Amino acid sequence: MSRHFTPKVVTANALIEGDVVYLTADDRWTRQHHEAELIEDEAHAQLRLLTAQAQKNLVVGAYLADAKPGEAGPEPVHFREVFRTRGPSNYVHGKQEGALNV
Amino acid sequence: MYNYTEFDEAFVRARVAQFSQQVARRIDGSLTEDEFRPLRLMNGLYLQLHAYMLRVAIPYGSLDSRKMRQLAHIADTWDKGYGHFTTRQNIQFNWPKLSDVPAILSALADVGMHAIQTSGNTIRNVTADHFAGAAADEIDDPRPIAELLRQWSTDHPEFQFLPRKFKIAITGSPHDRAVTKAHDIGLRMVRNAAGDPGFEVIVGGGLGRTPLIGHVVRPFLPQADLLPYVEAVLSVYNLLGRRDNKYKARIKITLHETGAEALTAMIEERFAELRRAYDGTDQTLLQEIRAAFSHPVFKTAPTEAHYNAQVNDPAYRSWADTNLVAHRNPDYAIVQVSLKAHGATPGDATSDQMRVLADLAEFFGHDEIRISHEQNVILPHVHKGDLPTVHAILKKAGLATANVGLISDIIACPGMDYCSLATARSIPVAQAIATRFDELDLEHEIGPLKIKISGCINACGHHHVGHIGILGLDRAGVENYQITLGGDGTETASIGEKAGPGFAYDEVVPAIERLIAAYLDLRLEPSETFLMAYRRLGPAPFKAALYPEGNRHAA
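Line order of the protein sequences matches chains A and B.
Going by numbering that gives the first Met the number 0, the residue at position 72 of the first sequence is 71; the numbering climbs one at a time, nothing skipped.
Going by numbering that gives the first Met the number 0, the residue at position 101 of the second sequence is 100; the numbering climbs one at a time, nothing skipped.
Example chain A residues on the side facing chain B (calculated, C-beta under 10 Å, incomplete):
{"#": "1", "residue": "Glu-16"}
{"#": "2", "residue": "Val-59"}
{"#": "3", "residue": "His-77"}
{"#": "4", "residue": "Phe-78"}
{"#": "5", "residue": "Gly-86"}
Derived, one-sided and incomplete: chain B residues facing chain A with beta-carbon distance under 8 Å:
{"#": "6", "residue": "Gly-28"}
{"#": "7", "residue": "Thr-31"}
{"#": "8", "residue": "Leu-46"}
{"#": "9", "residue": "Leu-48"}
{"#": "10", "residue": "His-49"}
{"#": "11", "residue": "Lys-79"}
{"#": "12", "residue": "Trp-94"}
{"#": "13", "residue": "Ser-98"}
{"#": "14", "residue": "Thr-344"}
{"#": "15", "residue": "Asp-416"}
{"#": "16", "residue": "Tyr-417"}
{"#": "17", "residue": "Ile-426"}
{"#": "18", "residue": "Glu-478"}
Simulated from the structure, these hints should not be mistaken for lab results.
Remember, predicted model here, so these are calculated numbers, not experimental data.
Note that beta-carbon positions come from the ideal geometry of N, C-alpha and C, so glycine has one too.
Chain B extracted, bound-state conformation (with noise of 0.2 Å):
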């Protein structure tokens, strides 16, 4: 865990200060509220549907025990005992004062946070994998490399005021959980043919309104470039995008009007000028940042308790099946923390939860703990021999439902109960399709399978890449909601695509049951998923499945 230097810490206090200044001077009447938006944005205060709501950048989606404890903290002093992890690995307060963000602020930068660019058109909290320095397939962890991103990003004066948001993802790993092809720039770590590392850069993807898949400007780019690159990319579309058109300021339309090979051009041209002006302090830097990063030293220990527990407990083995995933040492294991209990809000954890999580890191997981873009919390590294302890106490606090990766763990943004920009509610859909999956106890026989909903068109739920994508939208003044299928964010990344005419609030359970059933009838095997059957078969029979009534709807 990167611990702040003296510099960060003056920043963050200082950023405090000043923004508790303007709080104050928000509520005396000397800043209008035209005056007061930009900076409180910069601050990651947003004025939502009900109440204030504070984002607060979790680095990369990584934390340690004292910081959840702040957190917690946080969520029970100036919120209402609970906060909401997003898929950007941040976490949100649905309900602070305006008048107790400065000592909200002052407690995150106590514990070396903050909510700096978590709003705004600027360069965002970078993304992770968030199983980073743990994963069996990692080629190396990307956590040092988005520290010196966060660093080189944080309060940068060319890029504060950019045409729009921009958001950068990193993957260590060649299995890609971090949706780098949807990011304004995405970062995969790769090795060239003489096995020295480096980074496959795609540039232009993005969800919203325009989905796009990113395409690859360099296919090989020598880790020490990294900076002078990536500040190159930011650089060409700072003075390129449009700034006339919000709807069109985003890099991936950049990309398209100006052409993939030109713009490539620009950003080499452009390059190869900042990289004379990088005297490798970079790379000095992001040896002190590695070190903060030295992996754990794991212990030796008996791991039976793990298989034993795997074949007296049912409920152990099935949590074991879905939550667990292969560490890179055989000893440990990754544990996923499901926040999708059935019926339970997506990324929802009380302040009660994170304190379980944060004595369950500092006692069981080498004081680690990891926020998912799928709003799951990860404990990176935990020893088979404790793991039945960790389940059992996980179990008490309600976090041990054993569905990660199944229907029941869904993406979804805060939507319509929330967010002012949202057409429709994301979450009550959510609740209703897990219930209704566990009610029929299908969700083991159906296997891996994504879906995700967002209550707008800027898809902050990912449904463009959901194998099952939900999009909630206002139709004359009613809650609709538009189906989309076969999108993948991994590796193999596709968009999904529209299913035809949407449907009514209390329709959507239904047409997700008659899909579902439509698959299991379909696939070949019960190794065949939802994605390959899709991908075998076509959109014909599930569209089939979603409209039986023929063609009368579908026009």
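Looking at chain A on its own, in the form it has when it is part of the complex (with noise of 0.2 Å):
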């Protein structure tokens, strides 16, 4: 029996801005963890890190971060990401700030 697999995200930061985004299914980069692919599968979990590694132009430090299924979507599970999704504590800025699109 193959051990269990935490579901994970891929994620990184927008080469220009910094901002922390999402890989979709369909291949496009979110600023939004609930429209991120949920993936539930270890050697898919490797080919979705390694197309967004490649995309070298738009994106910077991807990695696979654990993740949950939620009401909207997938929901972060370690505190680190939980910050990672809205901002710093101090300050209404990053994510916080609004709604931003992609």
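Each of the two chains sits in its own frame; use the hints to bring them together as a complex.
Following this line, the structure appears as structure tokens:
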């Protein structure tokens, strides 16, 4: 029996703004975690990561982050990833500043 | 204030031009991130959690009004209207776009500033006593020496690829405000028996995952031998330093592994070789630099306004008690402007506040501004007669918090609100502690106390040398805060001791409250500070306060 695989999303930072982005199932980069593709298979995760890492002129530092299914789409698991979905806690800056579209 | 020569100007402009092209090549795809990363780090550009961060050097923490106004302009034009002053006396902009960085660097060059060597395995911004040139207890102004070191170390070909970053601090006063014992090289000005000025050279101090107090390799180094000696230290380190393991690559580990005696002997041997190569040009240059730091012409004017305000205005008196420091001219004072308003982010200043500080420096402060490693701003030369006006203007700008040196004057690194290396947040912990003790109206009663918070083991928040240190960690996916006690970053330096198991995020403030209540109970008299009480009593009563349920948690 294969070991349990924690679902993942592919995330990175946008090359120009540095803002946190996520890879969608239809190969776009979104700034919203809930729009990300929730990857539930390890082999598929590796392929999606390779796809992301190949996009050198759009994003920087792509990696797989743990996620879980939620009502509106994938939700982050670790607190670091939660902070990345909204921005710093001392000012209303970053994603929490307003709805940012890709 | 040192002003760029044609050579400095040409060098910085050339670097801006190079980096501008490198950014363009990164954006058009000619450079990969792996190729670009070392180039951007050489120019102070990091990619953090939510955005890029540009770390701008403020050499030895010294600015004038023109530079400060330009920082405000940069904050407004390319960032979000504020800047964050750091424990290396630098400023960080948290939101620049990659494509805007060349314009920012060009704007910095316009006022003789840059971001060179604020990152990477090079000699970083040389830090100095923020009261340099003003302190009553000073032997000599350390800034000309710091500037000499800056010029010597900038783009020094031998030291661009050191085993790890390298930090130098210098103080001209017996009272160490520059944390010299926790630096790769710490320089303390001293005089020998004959009265000649020189340096005590301390090597191998540092914080981070292996906190160590530096070792004195030379009790007295004649001033003229400084550059060859520092070069000898770097040269020996460059060869011996561990490049195989970045956690063991700092000179403090080299010293530990080689042995202080053996390392000192190697430094002396190398120094003997290098000294011959120095023909006195460095001393000529130093004389030229000194001229740029000639002391301001102090005015003679009535000082009653200050003394009257102390009697008539309780808020002014409170501010004067905590935020003013004795100047070497008795008619003047050193003004410490707190960037720690209760509940605010330690070290942050808005662009409007920067402009107010620039105006105050220009009109009332001989055009000098310093940034302290404790993340406050210093107006080093203010005439006592002008102090009430300065205070009133600071107050209007939200800059008159009377808390320097008190419990709410907290050093905090950016932590996981910004930093990609962080393991937990620091800023909200600092905000919560400051807010709580303000509510309790206790901080003046508590007296001098340094709380320092880092959001990871790298210790940018200097937690090891906080009287109370707080280190944020990730424990199984939850923020957890370890408390250390009894640290000290001054001439009586010591590394804080871990008190016991860590605390959850919302348990930190109550834990600090228990600790402070215990201190207030234990102290012999109000003049016995927290650190003095800790040194007298040892950790036991403080641990008992932190862990009231006894040994149950103390495993």
